[in-house]
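S.K.: Join the two chains into one complex using the hints; note that each chain is given alone, in its own frame.
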Amino acid sequence: MRAKKVTVFPEPALFNPLTFDAEICNGCNMCIDVCQVDILYPSPEEGKPPVVLYPGECWYGGCCVAICPRPGAIELRVPLANRVHWKLKNLKQDTKTG
Amino acid sequence: MKDQEIREMEWPYPIRWGKEKTVNVDVLILGGGIAGCWAAIAAAKNGRKVALVEKGATIRSGAGGSGCDHWESAASNPCSRITPEELIQAMIRDNFGYNNGVSHYIECREGYDRLLDLEKMGGKVRDIEDEFVGAEFRDEDTKFLFAYDYVNRFTLRVWGTTFKPALFKECKRLGVDICDRTMATRLLTEGGKQGTRVVGAVCVHGHTGEFIVFKAKATVLCMSRPTRVWLFSPGLPGISEFRPPQCTGDGHAMGWEAGVEFTMMEKSVKGEWSGPRSFPPYGTGNTHNTWYACSMVDVNGREIPWIDRDGNILKSVSDRYRPAPGQKFFLKGGGESEFPNYETRGPDILPVDELLERGYKLPFYADLPSMPELERKAIWGLMVGQEGKTKIPILGAYTKAGFDPNKDLLQSYGDGWKSGAFLPQERQLFGLPGGMVNDWELRTNLEGLYAAGDQLFASNCHGHAAATGYYAGRHASRYALEASSPEIKSSQVEAEKKRILSLIDRDFGMGWQELNAGITRIMQNYCGEVKSEELLTIGLKLLKDIAKEEASELRARNPHELVRCLEVLNIMTNAEIILHSCLARRASSKHLHFKRQDFPDIDPPEWHKFVTVRHKNGDVVVGERALDYYGSLEDNYLAHNQDYLQRE
Numbered sequence: 001m002r003a004k005k006v007t008v009f010p011e012p013a014l015f016n017p018l019t020f021d022a023e024i025c026n027g028c029n030m031c032i033d034v035c036q037v038d039i040l041y042p043s044p045e046e047g048k049p050p051v052v053l054y055p056g057e058c059w060y061g062g063c064c065v066a067i068c069p070r071p072g073a074i075e076l077r078v079p080l081a082n083r084v085h086w087k088l089k090n091l092k093q094d095t096k097t098g
Numbered sequence: 001m002k003d004q005e006i007r008e009m010e011w012p013y014p015i016r017w018g019k020e021k022t023v024n025v026d027v028l029i030l031g032g033g034i035a036g037c038w039a040a041i042a043a044a045k046n047g048r049k050v051a052l053v054e055k056g057a058t059i060r061s062g063a064g065g066s067g068c069d070h071w072e073s074a075a076s077n078p079c080s081r082i083t084p085e086e087l088i089q090a091m092i093r094d095n096f097g098y099n100n101g102v103s104h105y106i107e108c109r110e111g112y113d114r115l116l117d118l119e120k121m122g123g124k125v126r127d128i129e130d131e132f133v134g135a136e137f138r139d140e141d142t143k144f145l146f147a148y149d150y151v152n153r154f155t156l157r158v159w160g161t162t163f164k165p166a167l168f169k170e171c172k173r174l175g176v177d178i179c180d181r182t183m184a185t186r187l188l189t190e191g192g193k194q195g196t197r198v199v200g201a202v203c204v205h206g207h208t209g210e211f212i213v214f215k216a217k218a219t220v221l222c223m224s225r226p227t228r229v230w231l232f233s234p235g236l237p238g239i240s241e242f243r244p245p246q247c248t249g250d251g252h253a254m255g256w257e258a259g260v261e262f263t264m265m266e267k268s269v270k271g272e273w274s275g276p277r278s279f280p281p282y283g284t285g286n287t288h289n290t291w292y293a294c295s296m297v298d299v300n301g302r303e304i305p306w307i308d309r310d311g312n313i314l315k316s317v318s319d320r321y322r323p324a325p326g327q328k329f330f331l332k333g334g335g336e337s338e339f340p341n342y343e344t345r346g347p348d349i350l351p352v353d354e355l356l357e358r359g360y361k362l363p364f365y366a367d368l369p370s371m372p373e374l375e376r377k378a379i380w381g382l383m384v385g386q387e388g389k390t391k392i393p394i395l396g397a398y399t400k401a402g403f404d405p406n407k408d409l410l411q412s413y414g415d416g417w418k419s420g421a422f423l424p425q426e427r428q429l430f431g432l433p434g435g436m437v438n439d440w441e442l443r444t445n446l447e448g449l450y451a452a453g454d455q456l457f458a459s460n461c462h463g464h465a466a467a468t469g470y471y472a473g474r475h476a477s478r479y480a481l482e483a484s485s486p487e488i489k490s491s492q493v494e495a496e497k498k499r500i501l502s503l504i505d506r507d508f509g510m511g512w513q514e515l516n517a518g519i520t521r522i523m524q525n526y527c528g529e530v531k532s533e534e535l536l537t538i539g540l541k542l543l544k545d546i547a548k549e550e551a552s553e554l555r556a557r558n559p560h561e562l563v564r565c566l567e568v569l570n571i572m573t574n575a576e577i578i579l580h581s582c583l584a585r586r587a588s589s590k591h592l593h594f595k596r597q598d599f600p601d602i603d604p605p606e607w608h609k610f611v612t613v614r615h616k617n618g619d620v621v622v623g624e625r626a627l628d629y630y631g632s633l634e635d636n637y638l639a640h641n642q643d644y645l646q647r648e
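Chains as they are written, first to last, in the working numbering: chain A, 1 to 98; chain B, 1 to 648.
Some hints here could point you the wrong way.
Short, incomplete list of chain B residues facing chain A, as computed with Cβ under 8 Å [stated by the list, open to error]: (1) Met9; (2) Trp11; (3) Gly238; (4) Gln246; (5) Arg499.
No wet-lab data here; the hints were simulated from the structure. Glycine included, every Cβ here is placed at the ideal spot set by N, Cα and C.
Just chain B, with the same shape it has in the complex (with noise of 0.2 Å):
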């Protein structure tokens, strides 16, 4: 081994700079994701004609593109206990109201039905080389293996990193066009106008230059909600990031500008993972999600005891994915849920604060040893090495560094599954955070535009990526069969290719490492912990400021640092939406994680509601949403898709 010696090359791909070609479609996916990927494979199986656009590589692209271990609220499953109405309402009633009724309910019903798709592309679902046979979690008949709530068992361990090659491989086999390292950059809207009809989108591609304008009858945005808007730190390593650094929240900024409304962006919580601060996600010795339910020890061998919600000690390690006495099922469990609700709330081991008051001594370790045989394989080797990307990194590189599970305890660094302490100021979007509002085809408020995954506001997980995904893809191309053609307006097309062009054609400039510093200083100085009128109000001055000033100076030497600069404009758009979303909620609220020094109460009645933001000629518009905006959920869903409950 030895450092590259290239010091100077050409840039290995032909540059057209200023061309442009045109792409008629019926259906444009944006972003190729695991949302994304699902929206095109329902529009083509529906015989539209598809083009899906990808910033990286379908083949792997996203959050969950190099794996994925469980697949949560599986409830339609032969072996659930509970419907999947028990299981939603369980849901809203665990975030206080504040989550996405539809897309959950969406997730809850056809979330098993993507999961039985899968399967018959090549994915791996069941344990058909019969590893676990005999284990508590594994139903015989069907070879599902079950995570969590064993009784229950609405949530399935699966082998994710075989998904995306087997979605990418049914996409082109649908004809799907799929078009990687191009990256979408503005939506276009009948007449050029804000808040009418989108009928298709302005890319740049990140290897040439090369402008491509799709016109689309109807256009689905499936791209990920920002990172970096609080914590950025160039040359740092990526290794503790969750999501990919090149998620930009591209959808939210482009819908922004087109005038869609937005609901919940002013929630952030204090920062889980990021730069140097923490470990690789699923990396350290903990009891949540991928670790769940995984024994934990001092650094004196004493065994930390787990709890049921009452608080009785639990005898045996079965017991953690039990409900407690009197309790129908839990959610996931393992402090899943920072104010879980009593009704669905998990196991999980006694606090750490409360630990140390008992004499336990710092530093704690995952007990993979002392764990059942077949538990400690369905963590470390099925879900660590599913999940995420812990294949490489943490399975892979663990076990060349001499890791054996079978006699090494892990260390564990913080508390439940976070690996690292972040200030109250370094914020992110995590756990339902904001994002489009949504109606029961998954529409946006504008016609032509559709949102699916993190793109939805209170989203999250890889199985309600796919389901809203499919399930988007399938009205977006029901709408296009009946939509009239679309017509671009070319000033709109040439002002946008201005824009861009503008950032290639700068002798010197700053970079968007410097600028994307500049953002992060902004939000946690005036929109961190504690917001009030003031604070947001200068952020939102200072954002304006850097918008006309340094980011006019931004500037970017090839197709690649185009891409980055365009990201970075993005996530100053996405800062902007944020602050306006605290500025237009009058009142702190404990389950958004927002405080208002200038409106301390928390919780009043009457802002118990979604506040939406939208952009509209120059000014924001506030509106309000009752929190059951949607009304019945199973009569609704009932209503809108009877041809999906006939034909499929």
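The shape of chain A in the complex, shown without the other chains (with noise of 0.2 Å):
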């Protein structure tokens, strides 16, 4: 029923789109305000990194790498999958993935 108390569990990733750093992070939010998907949410403890509550339903459009104003705290993570090559020029072997 339309309970006023809603409890949530995070969904578990089949892909971690996002990890934070939580030496680095200092739970600012400035990416939560950022994110078109709604992905994240604020932390229940002040000064942690955001919740990443939706995981799957990341676009990966990096805004909130983007926005974060210490670098590291945040890293978007390109899925195994989707990860392209490439090599060095003239050589054949030496095939890399990012």
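M.R.: What follows is the structure in structure tokens.
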């Protein structure tokens, strides 16, 4: 029924789009305010990284990383299956992924 | 780094289920992407009281919110060697007439004006740091950089990651009431009846669940085209999605319920981007769009030839950016259109099949290291970096992983710019798809309701969204100045609130992902590549069945899920519009990518027209319009925009 108190569980992610470094992140939550898909929510603990409540809905737009005032606090991870390969010109071997 | 430790938490925002507030405005803008922000700016500049409702975060929302690398069709810029009239006629011809002459003419005439506006707001549109001095694509006087056709110079390279925050700031400066995290769910109509004047909208807040009822003299719909109609994989990453996943055709669905007329909704193309099949847009080696006109090599380093429209091999990189001998100008190039018109067909590489026959070995690679330095920097760093969502997941992530554009070859995975292969029934609305029919004020068939950007039929691109957004906002605000006060029918509001609250009043039920997947299965099975009366009719029946049974069990446990549930119901309505549109066109069409097994003749002359559909009292009304229903483009534009031409 229509509950006044709502409890949520962060959905288990098949792919983790974002990881936060709690040592660098100061919980300013600016990333939350620019996420157009609304997957990030403030942590119950002040000063802590946001909760990625809906990782499966991420568009990988990267605006959270772009606005972060503390470089390294958020990392956007390209899922393995979507990583692209490249190689040094003139070398057949040595294919890398990113 | 470690996994997040939160296992359970209280919803971090106040819950306000069933609460309601009412807001009165002159002009209501629904959708805060590119078109919506420009519409709000135009209306606010004209002195109207404006509210902008956006489901996400206006500062970055929209398919172009994170960036834009080129501004198309700026034919009125001082360096352009073609006129807006020449360009629009080429764009119409290139699509066999199935194009929006009005909206793209507005783009060709006013797109450049919007670019200058953006610059005043703080957006970067010129090479002010002189990074590209001496480049063939740079105009030394204006410092503009051009893309594609360097001779005719009507598409500009721009630094579009700066645009959306600038638009957001300008909306705030002009006093626009920005309502983020708010989903519009129902258009309100005079007397609560379908087909009458639009007088506002019911919205629900995605963090609190509170209702907001807007009363408005004029409303501008600026929402994107629907995604997730044929292709949806719960849990699979959105990195390959071109448009944000929350673009679910909310405006289309609300418009359909209100009685808006649509056209070209029968057009869908085989999937180009989605889920696990493909790679991030612009993230693989290719020759198209952002990557035009990159050199390519095969796995052994053998250079892949570029050809002009006549099949002549082009000798230099510079030749790829020039019209062929005897050609006035070209549209983009690099396989932009699947059926390019000879007259404006641009340079491209040889087709992949032919390359394989000639012994070129897979995989192919983009050869940035061999490109002239300034061309390489324009592709990797400027365009890959500014376009769409390339800045962080591509430029940022690849650089961090060690990719060096001066040394590395980036692999290509598919034909053209696509990086994945899809089955024929895995379709998308892409490349000038259907939408709302508009007149010369960008008004829909309903009084008080205007449309812009991807809400319109045959729409695309950032510059088009900006130009049509501003234009629709301007005309809506003029209407609002003289329109009577809107009267809202309370029973219409109450019915909508009841519909929404029913989703949260269930103890158990189906999640939105399952319903979305179920809809896509129906669309793949009954509205795939080959269509027929029988298949489409079964599709409609199955949709009706799940609307009655499964959709009535849809359940939301919090305001976020409520928004997702309402989106899927909108996807279902879009599927219905598409099926009705496919039934209405009883002929196959090449340019509409439309195959009817029961009407196999391709483009018979009697069907060379727009077929329209609208919803009326439970029935679908089918109509038609001539492909040139908009009349003389220049004359009509001048007749409807004297105030703009004189004032701005």
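S.K.: Run every hint past the structure and note whether it holds.
M.R.: For each hint, the structure was consulted:
no., hint, result
1, Met9, "5 Å, holds"
2, Trp11, "4 Å, holds"
3, Gly238, "4 Å, holds"
4, Gln246, "6 Å, holds"
5, Arg499, "14 Å, violated"
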